[in-house]
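Peer 1: Please arrange chain B on chain A, whose structure you already have, making use of the hints.
Number of protein chains: 2
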Amino acid sequence: MPRSHGSEIDTLIQLLAKLPGLGPRSARRSTLQLLKKRDSVMVPLARALEQVAEKIVICGTCGNIDTTDPCHVCEDGRRDRTTVCVVEDVADLWALDRSETYRGLYHVLGGTLSALDGVGPDELNIAPLLARAATGEVKEIILALNATVDGQTTSHYLAERLAEFGVKVTALAHGVPVGGELDYLDDGTLAAALKARGTVS
Amino acid sequence: MPRSHGSEIDTLIQLLAKLPGLGPRSARRSTLQLLKKRDSVMVPLARALEQVAEKIVICGTCGNIDTTDPCHVCEDGRRDRTTVCVVEDVADLWALDRSETYRGLYHVLGGTLSALDGVGPDELNIAPLLARAATGEVKEIILALNATVDGQTTSHYLAERLAEFGVKVTALAHGVPVGGELDYLDDGTLAAALKARGTVS
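Here the protein sequences line up with chains A and B, keeping their order. Here the first sequence stands for residues 1 to 201, numbered as in our numbering. Here the second sequence stands for residues 1 to 201, numbered as in our numbering.
For reference, chain A alone in the conformation it holds in the complex (with noise of 0.2 Å):
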């Protein structure tokens, strides 16, 4: 098949198809963008991957993924280390971060106990946070799983594991979200949002 550019712009193409929310189409129109941007954004975003490819690395501490270990969240000194918040993944520890409204540390799982995709108490990141809880620093771990079937799961044997270190596990609030309509909710929220009513005036 005769072609209209070099290979090297195909091998673009494929591998920016690959990022979420961008499809076949939007890789090549995103390509297309890059090479009418050479010096202000393709040139810039080159050099961004390559440096943050280099620095990569887990945090020993919390699992986060960041550019140094320990992570920007565990050496920040302005932060409560009296209080770890258990979440699945980095994405979640970046969304409740980014909520400005916990300042704690946290614990990053790696996804879930799950029974049907033979997932384990072992492959995930579950004997460090015990190990954490153990060394009397830690006064509250907060359970900040998703709230499906496997999330809950692993909150309650978390809570189960945590309970002979005497630290105070809470979990997040089920409820109505803030700007949700009642009428588009499922019953499970609904129902939750009523047992967990609080006074008004």
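There may be inaccurate statements among the hints.
No distinction is drawn between identical chains; accordingly, a pair holds when it is met within one copy or between any pair of copies.
What the hints assert, rightly or not - DSS-like mimics (lysine-lysine), calculated; alpha carbons at most 30 Å apart, straight line:
no.	residue 1	residue 2
1	K168	K37
2	K37	K18
3	K18	K168
4	K139	K168
Rather than coming from a laboratory, the hints here were simulated on the basis of the structure.
Peer 2: Same frame as chain A, but now just chain B:
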């Protein structure tokens, strides 16, 4: 503000967010994916960007953006060199070439005439097109500009300028898009499709 990751990662997110189709949210998701697929995606992507950035060149003959000059279209010996298809943008060249119906050469104008935006004939890649028409090698010039007001104005202008060279000048057909529902089409398209109707049997 406390940070959950290094500034290099922030730079990467900001650069990815500049790509069409990727907002800040999907740029973050893409970055996380890249961090997790360092060897299979991130490093190859950095290398592909660098390689392409190093070689980008605008074809001196047709205005295509490619890694070689003349570009892969112009130097392809299997193409019909007597037909030149005029397009506004490299994206249009890629689109027409993907359709695998046309196997001639191209000419990228780099835009359309526009009184509003102050784009005159000198701002576009028009003089080289006239020079190509004057060589005598080209027998047909297909005007494949967008069916917008500016695109059609530019088509008329080009048709007039090309008249003196004794070259056949054609334009893409207007009509019902394949797979399109009549109900959703505008009056202009329907009128054009009716006017250009063909005998079925």
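Peer 1: Would you mind marking each hint as holding or not holding in the structure?
Peer 2: Hints, verified against the model:
no. : hint         : in the structure
1   : K168 to K37  : neither (53 Å within a copy, 36 Å between copies)
2   : K37 to K18   : both (21 Å within a copy, 10 Å between copies)
3   : K18 to K168  : neither (42 Å within a copy, 44 Å between copies)
4   : K139 to K168 : within (6 Å within a copy, 83 Å between copies)
In this structure, the earlier hints numbered 1 and 3 are contradicted, and the remaining ones agree with it.
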